[in-house]
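**Q** Spelled out from the first residue to the last, the chains are:
There are 2 protein chains.
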Amino acid sequence: MEIIKTVKQMQQAAHAIRTGGESIALVPTMGFLHEGHLTLMRVGKEHCDRLIVSIFVNPTQFGPNEDLEAYPRDTEGDLRKAENVGVDLVFMPSAREMYPQGAQTSVVVKDLPRHLCGLSRPGHFDGVTTVVAKLFHMVNPHVAVFGQKDYQQLAVISRMVMDLDMDIQIIGVPTVRERDGLAMSSRNSYLSAEERQSALSLKKSLNLAERLFNEGERRAQAVKDFVQSYILEHPHTEIDYIALCDPVTLEDVNTLTEGTLVALAVRVGKTRLIDNARLRKQKKSKKQ
Amino acid sequence: MEIIKTVKQMQQAAHAIRTGGESIALVPTMGFLHEGHLTLMRVGKEHCDRLIVSIFVNPTQFGPNEDLEAYPRDTEGDLRKAENVGVDLVFMPSAREMYPQGAQTSVVVKDLPRHLCGLSRPGHFDGVTTVVAKLFHMVNPHVAVFGQKDYQQLAVISRMVMDLDMDIQIIGVPTVRERDGLAMSSRNSYLSAEERQSALSLKKSLNLAERLFNEGERRAQAVKDFVQSYILEHPHTEIDYIALCDPVTLEDVNTLTEGTLVALAVRVGKTRLIDNARLRKQKKSKKQ
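Just so you know, the protein sequences line up as chains V and W, in that order.
Going by the numbering used here, the first residue of the first sequence is number 2, and it counts up by one from there.
Going by the numbering used here, the first residue of the second sequence is number 2, and it counts up by one from there.
Excised from the complex, chain V in its bound form (with noise of 0.2 Å):
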């Protein structure tokens, strides 16, 4: 497994690969790696001849208060879990590397940031798809692969893909969960014994909001509030949000129709946690 630090390398590499017809997947990352990103590594090897790795704490995403400093690092570990599951190259650059001195430009997509996280998280997502365009010219993959636990994030990549007519096949990969249901994430190191029990709200609360859905509840607000009611009697959570919305435009909506979005984000102590589903009719209804 190659290791590169510096853009020119890794667009040398890149240029290697694809002139000796093969093709590329990345999955671009902010290291700590668990089993939701050994995932899409998966899925991007099945897709593509070479596999590339991201691993950039990408200070541009975080915001003056949040947890950049903090945000859980580590290297080795991430190196050996990227071997085992077939990594051909990993890419690592600085933050110095990323963005030299005097770098002015950024890439804004407008209207799908102003809901959701992005509403707490201001200048989030222009962090998010500058540093993925500038990936993306690095690296010139065919295929990129995001999890659909970040599903604003993928929402708005795709979007800037197709806007920007970049060349490149975005695929999202269902969010992978702990045996328990919590959805898996690097911020979840950050919680107590006691926290993550109440963590494991958020998805119960989805599959109540998705209960409710099928014994035939349309209005929104309804669930909205049973969502909330049932988070807040965990101890240690705050909602930051609580979204029924449109999946392609992520605009709130009234009425609840098959497909539609419930995207949550959740202080638990400390941590700040985001869960998703789209409302799907079961079958069986009632039972799941």
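Please keep in mind that the hints were generated in silico from the structure rather than gathered at the bench.
None of the values given here were measured: they were computed from a predicted structure.
There's no promise every hint is true.
It does not matter which identical chain is used: a pair holds within one copy or between any two.
[To be verified] Under the rule of at most 16 Å between Cα atoms (straight-line distance), these lysine to aspartate or glutamate pairs were calculated in the EDC-like manner:
hint, residue 1, residue 2
1, K6, E77
2, K82, E3
3, K46, D253
4, K271, E195
5, K271, D253
6, K111, D127
7, K6, D166
8, K282, E218
9, K82, D168
10, K9, D168
11, K9, D166
Chain V is already provided as a structure; the job is to place chain W on it using the hints.
**A** Just chain W now, kept in the frame of chain V:
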């Protein structure tokens, strides 16, 4: 000479050229081609195996009170000229093909547009960088060629390419002029005979600035005043800006040095013209 009108076909054609091991030069234009454009094309041909020219009058780089509707067009003449120069492929998408409904992504360079033309044309450079980024993703060129007449545009695009790590060489080509010194521009076609005479004051005032510099003048304000007086002596002229600035940051300078950029935008009648020069020390002073 091939003519392509859809993004998909353009990407396929570019992919086929690259797969065949050939290099691509792109000259982006808004059509109504003149000798300036043809010079860019000849430079492109020297650098690459295949020469692609785009013709697209980009609505997003025109302000609400600018000349989008009136902008001169001559598709038939353009295609004839392109063919004569040896263009391999002309890409001429419609506005709807370029900006499908729902598009909401832009590429924004922050600081460089806060000078010169960016001040009187708010949003102009966002339109330029976004469409050029899109064209780069469509045509996937090794080299792209732009005129130095649009100095700020060249600076902004070069910055974008660097900041977003686009693997493209940007080449700037010196301004091509009419025999009497007028910088070639599609907008020259708007000028009446009398206005055209007044328009010569732009280039002449640049020569005047250089002469003052070579006579020892180092005060930017003094040169600016001279240039302004000179231009305003000519009928139908109205100054948009006269700037003496750093050629990299485009920030105003107080003291002139070799390489200082002198940049002008002047309305002659209703037509807005631009021109620029870098101050050079003459070997034989005062003679030119």
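**Q** Each hint needs a verdict: does it hold in this structure or not?
**A** Here's how the hints hold up against the structure:
1. K6 to E77: Cα proximity of K6 and E77: one copy only (15 Å, versus 50 Å across).
2. K82 to E3: within (14 Å within a copy, 49 Å between copies)
3. K46 to D253: neither (36 Å within a copy, 52 Å between copies)
4. K271 to E195: Cα proximity of K271 and E195: one copy only (13 Å, versus 72 Å across).
5. K271 to D253: neither (27 Å within a copy, 47 Å between copies)
6. K111 to D127: both (9 Å within a copy, 13 Å between copies)
7. K6 to D166: between (27 Å within a copy, 14 Å between copies)
8. K282 to E218: within (12 Å within a copy, 79 Å between copies)
9. K82 to D168: Neither. Shortest intra-copy (29 Å) and inter-copy (31 Å) distances fail the 16 Å Cα cut-off.
10. K9 to D168: Close across copies (9 Å), not inside one copy (21 Å); limit 16 Å.
11. K9 to D166: between (23 Å within a copy, 9 Å between copies)
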